[in-house]
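Chemist: Below are the chains, spelled out letter by letter.
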Amino acid sequence: MNAPQKLTLKDFSTDQEVRWCPGCGDYAILKTIQKLMPEIDTPKENTVFVSGIGCSSRFPYYMETYGFHTIHGRAPSIATGVKLANPELDVWVVTGDGDGLSIGGNHMLHVLRRNVDLQILLFNNEIYGLTKGQYSPTSKVGTRSPSTPDGSVDMPLRPCTFALGAGARFVARTIDTEAKHMTPVLKRAHAHKGASFVEIYQNCPVYNDGIFDYIKDKKSASETRLMLEHGQPLVFGQDNSQGLRLNAKTLQLEVVTIGENGVSLEDIVVHDETNRILATMLAGLSAPDFPEAIGVLYCQAETSYENSVYQQIKTVREKKGIADFNAVLRQGHTWTVQ
Amino acid sequence: MSVVEKVSDSIDADQVTSAVVVRFAGDSGDGMQLTGSNFTEATALHGNDLATFPDFPAEIRAPAGATFGVSAFQIYFGADEVTTAGDDVDVLVVMNPAALITNLKDLLPGGVIIADSDAFTDKNLVRAGYQSNPLEDGSLEGYRVIVIEITKQVIAAVEPYGLSHKFAVRCKNMWTLGLVMWLFDRDRSVTIENLEKKFASKPDIAQANIAALNSGHSYAETAELPSGVEVYRIQRAQVAPGLYRNATGTESLAYGLIAGGRLAEIPITFASYPITPASSLLHTLAQHKEFDVVTFQAEDEIAAVCAAIGASFGGTLGITSSSGPGISLKAEAISLAAATELPLVIVNTQRGGPSTGMPTKTEQSDLNQALFGRHADTTLPVIASSTPSDCFDVAIEAVRLATQFSTPVLLLSDGYLANASEPWLVPDLTEYTPFPVQFETNPEGFTPANRDPETLARVWAKPGTPGLEHRIGGIEKSYETGDISYDPDNHQKMTDVRKAKIDGIARFIPPQTVSQGNDSGRLALVGWGSTYGAIHQAVKRARATGADVSHIHIRYMMPFPENLGALLSGFDSILVPEMNTGQLVEVLRAKYLIDAQRLNKVSGQPFKIREILEAIHSLLGESV
Numbered sequence: 001m002n003a004p005q006k007l008t009l010k011d012f013s014t015d016q017e018v019r020w021c022p023g024c025g026d027y028a029i030l031k032t033i034q035k036l037m038p039e040i041d042t043p044k045e046n047t048v049f050v051s052g053i054g055c056s057s058r059f060p061y062y063m064e065t066y067g068f069h070t071i072h073g074r075a076p077s078i079a080t081g082v083k084l085a086n087p088e089l090d091v092w093v094v095t096g097d098g099d100g101l102s103i104g105g106n107h108m109l110h111v112l113r114r115n116v117d118l119q120i121l122l123f124n125n126e127i128y129g130l131t132k133g134q135y136s137p138t139s140k141v142g143t144r145s146p147s148t149p150d151g152s153v154d155m156p157l158r159p160c161t162f163a164l165g166a167g168a169r170f171v172a173r174t175i176d177t178e179a180k181h182m183t184p185v186l187k188r189a190h191a192h193k194g195a196s197f198v199e200i201y202q203n204c205p206v207y208n209d210g211i212f213d214y215i216k217d218k219k220s221a222s223e224t225r226l227m228l229e230h231g232q233p234l235v236f237g238q239d240n241s242q243g244l245r246l247n248a249k250t251l252q253l254e255v256v257t258i259g260e261n262g263v264s265l266e267d268i269v270v271h272d273e274t275n276r277i278l279a280t281m282l283a284g285l286s287a288p289d290f291p292e293a294i295g296v297l298y299c300q301a302e303t304s305y306e307n308s309v310y311q312q313i314k315t316v317r318e319k320k321g322i323a324d325f326n327a328v329l330r331q332g333h334t335w336t337v338q
Numbered sequence: 339m340s341v342v343e344k345v346s347d348s349i350d351a352d353q354v355t356s357a358v359v360v361r362f363a364g365d366s367g368d369g370m371q372l373t374g375s376n377f378t379e380a381t382a383l384h385g386n387d388l389a390t391f392p393d394f395p396a397e398i399r400a401p402a403g404a405t406f407g408v409s410a411f412q413i414y415f416g417a418d419e420v421t422t423a424g425d426d427v428d429v430l431v432v433m434n435p436a437a438l439i440t441n442l443k444d445l446l447p448g449g450v451i452i453a454d455s456d457a458f459t460d461k462n463l464v465r466a467g468y469q470s471n472p473l474e475d476g477s478l479e480g481y482r483v484i485v486i487e488i489t490k491q492v493i494a495a496v497e498p499y500g501l502s503h504k505f506a507v508r509c510k511n512m513w514t515l516g517l518v519m520w521l522f523d524r525d526r527s528v529t530i531e532n533l534e535k536k537f538a539s540k541p542d543i544a545q546a547n548i549a550a551l552n553s554g555h556s557y558a559e560t561a562e563l564p565s566g567v568e569v570y571r572i573q574r575a576q577v578a579p580g581l582y583r584n585a586t587g588t589e590s591l592a593y594g595l596i597a598g599g600r601l602a603e604i605p606i607t608f609a610s611y612p613i614t615p616a617s618s619l620l621h622t623l624a625q626h627k628e629f630d631v632v633t634f635q636a637e638d639e640i641a642a643v644c645a646a647i648g649a650s651f652g653g654t655l656g657i658t659s660s661s662g663p664g665i666s667l668k669a670e671a672i673s674l675a676a677a678t679e680l681p682l683v684i685v686n687t688q689r690g691g692p693s694t695g696m697p698t699k700t701e702q703s704d705l706n707q708a709l710f711g712r713h714a715d716t717t718l719p720v721i722a723s724s725t726p727s728d729c730f731d732v733a734i735e736a737v738r739l740a741t742q743f744s745t746p747v748l749l750l751s752d753g754y755l756a757n758a759s760e761p762w763l764v765p766d767l768t769e770y771t772p773f774p775v776q777f778e779t780n781p782e783g784f785t786p787a788n789r790d791p792e793t794l795a796r797v798w799a800k801p802g803t804p805g806l807e808h809r810i811g812g813i814e815k816s817y818e819t820g821d822i823s824y825d826p827d828n829h830q831k832m833t834d835v836r837k838a839k840i841d842g843i844a845r846f847i848p849p850q851t852v853s854q855g856n857d858s859g860r861l862a863l864v865g866w867g868s869t870y871g872a873i874h875q876a877v878k879r880a881r882a883t884g885a886d887v888s889h890i891h892i893r894y895m896m897p898f899p900e901n902l903g904a905l906l907s908g909f910d911s912i913l914v915p916e917m918n919t920g921q922l923v924e925v926l927r928a929k930y931l932i933d934a935q936r937l938n939k940v941s942g943q944p945f946k947i948r949e950i951l952e953a954i955h956s957l958l959g960e961s962v
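Those sequence lines, one after another, are chains A and B. For the first sequence, my numbering begins at 1 and goes up steadily by one. For the second sequence, my numbering begins at 339 and goes up steadily by one.
If you are wondering where the hints come from, they were derived from the structure by calculation, not from laboratory data. Note that the structure is a prediction, hence the values are computed from the model and not measured. One or more hints might be untrue.
[To be verified] Derived DSS-like pairs (lysine-lysine); straight-line CA-CA distance at most 25 Å:
(1) A/LYS35 - A/LYS216
(2) B/LYS504 - B/LYS540
(3) B/LYS535 - A/LYS320
(4) A/LYS219 - A/LYS193
(5) B/LYS878 - B/LYS831
(6) A/LYS319 - B/LYS535
(7) A/LYS320 - B/LYS878
(8) B/LYS536 - A/LYS319
(9) A/LYS44 - A/LYS187
(10) A/LYS187 - A/LYS31
(11) A/LYS31 - A/LYS44
(12) A/LYS44 - A/LYS216
[As the list claims (entries may be wrong)] If you only want the chain B side, here are some residues facing chain A, beta carbon under 8 Å, derived:
(13) ARG526
(14) TYR582
(15) ARG600
(16) LEU601
(17) PHE634
(18) ALA641
(19) PRO663
(20) LEU667
(21) ALA671
(22) VAL764
(23) GLN776
(24) PHE777
(25) PRO781
(26) GLY783
(27) THR785
Note that CB positions come from ideal geometry on N, CA and C, so glycine has one too.
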């Protein structure tokens, strides 16, 4: 065995030319993850990146780990198979809003429900990039695209709401260019045993440029984002002067100003990552009426799927004893012809 | 004098020699399949050769008395080699008028009918479409009819167990089984054991069923049965010595997949989605976690095949299974496995189609799909099993081809093979040659594009191996490095090498043999899949009358064995019986430019021996 050596970002970069458009948010995410890899304690050879189809799904080609660029929407299923084959592997799924929530929506639902131990990174740019700009299931109503020249008419879904609805036990949201935020979120996603779902707001400079400017712009950020911290009150705005209060009559969160109308910090909801109901309310908040939740919305670990599968296998093996194939074939009613 | 001989006299005595066909028919809730499987087990233990044909509707519990809800189980057994479930029925057991009206056409003249007269109520008669009661109106003259008030007999027999009327009546099938067991001199002890096991947690029900079984048996012993109905005495069959058990095609296929994994020395990951008639493969494998088997019921067909592919990438053998419509859904992913050259086994248990078609009925109509049903030039090996026992060896062969040639392999079975059972000479795994998988471990000169120069198999390097980190994917890859490549010449080369690899498998499979008859002559019947039994018997009978006819049965559908073309050219005529509109015949005509003739049947029912025999006679003309 070689002595463990300190790896760097370079050790996780392949010799392949990165082929995203200039200015694509994917570059920033790639860099953050390549930088993160040496900091997590998984041997490089045990790391696997699995993707589907779309711009984001080219990701595995640029990671010097094991990687599988598969077919549209099916990365969660392929990753489930990898994990069933070898639960020791550390498997990351990279997908997008079209790949993961449109063609692959069913697999996303079930991989989260089953709680397979994977890190699922959903790059949400609210548009189809690789097929040249059609609207996606996360595009806002009215999105003009080649397939919706007069504006899209169908309601978008919120990825984190979907994930929580599917029973995900780790749900977080972060932003492509904010490595300082993304890194700890991904570390936590990685440490979480079970399916970790991370939505990453990602800018597509070609087909949907600036779609997240309202939340990325430093000037307006304090008003538009709600930075989540477990055990801390849900405050935002300049000097954290605003907060979210639960309206007991409507059972909804409402924006209040601390110090006005008798509102004090005591009235503000305290973030509890283990509260699924709260997480679901936070996932649904959207600008401009509300700040959007950034950080870990929900984290409540339960036994992961492949863990249970192998536990069951272990129990069966202990019960049945040594597996003798010839003997099993001869079980039950047999007869001998002389 | 036994019934058998009488029956034999009434038809072609050459065709039935101490063999009998019994069919149990009733409502889908009457337990006919359970009755049949218990009778089969007793018959196997009795030492007869046998073949069975369960034929049931898709409805789980169709309305009582409806003709579309009739479930039947046919067994053909005898002292001689039995390879089909039989053409015509000697003894027909009917639990209601619907069962009689739908099955009578298959009963031989002079055959025996056993009917439960309690079920021939006005309501049931009308529902079945009878104007008058056939048990009373003389329309069954020409058959020997045993009319018994079975329901009344059963209720009396199980009375001591205090069951509700509903549960008491459910013992009807066991009562009838007892009677039929008397008729054929079968031992009831295995059935009694089975009942005790099945109802271990409900001893009352178990005892009531056993009482019904014994009551039916003693009724037959003491009752005045019509003249000519006596105990059938059927000699033990002369079969190869060894240890036997009954097995359906699904069971032996499941065991074959496990065996294949053991011979390849890798775990298997079986991922599938429920679909009739393929689900029982998942059920069987799920019971064998003690071997290196992980089973996964996916959310859909696509997830199932994708999980299997992921499992192969992860270093086990991924296997998926479905029936035609499900295979259609898997098609895109199968091409991914072909493009990335990962091992994968896909089992198609074919059923009647298109679309939902007839899920519980059999057909061979997915050959074209197996050979051609994918986008682009996705070529992959296709193999077909021919009998329930053969499923074991074919499954091992599928695993061998997948792992040795780094390719998806399609294994064709069908609804008949899946559900039919026959005595199986239990194989000994130590007699099979292992074909251990060699995973790459050496980083020296490694690229994911490396190939075995002989087989052209792509290297298999599993995640977890230090120094071999690499990426694969559906985008075309460089022949040299495995990196993404859009180079025109490279795509040509990769397409050629993928095809050459599959074509080259022909050098690693056994040459085509003639299963019966000479290797040249006037006529060869060329079959594949579950038509084996019927073709075998038809050719045997034709040859017994001096016909110059041979039987060739193909296991390797893609690629064909290297000598197949030359072999076929040695015959004046080729006849291809298939349960489809003519799929193999078209391939043979196109590939070998021969004037192969077709014989097709797409009724959801297997070929009868007679149908094939007639075709032989008609082709060979007067000279037979």
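Chemist: Checking each numbered hint in turn, tell me which of them this model violates, lowest number first.
Modeler: 4, 5, 7, 12, 13, 16, 19, 20, 23, 24, 25, 26, 27
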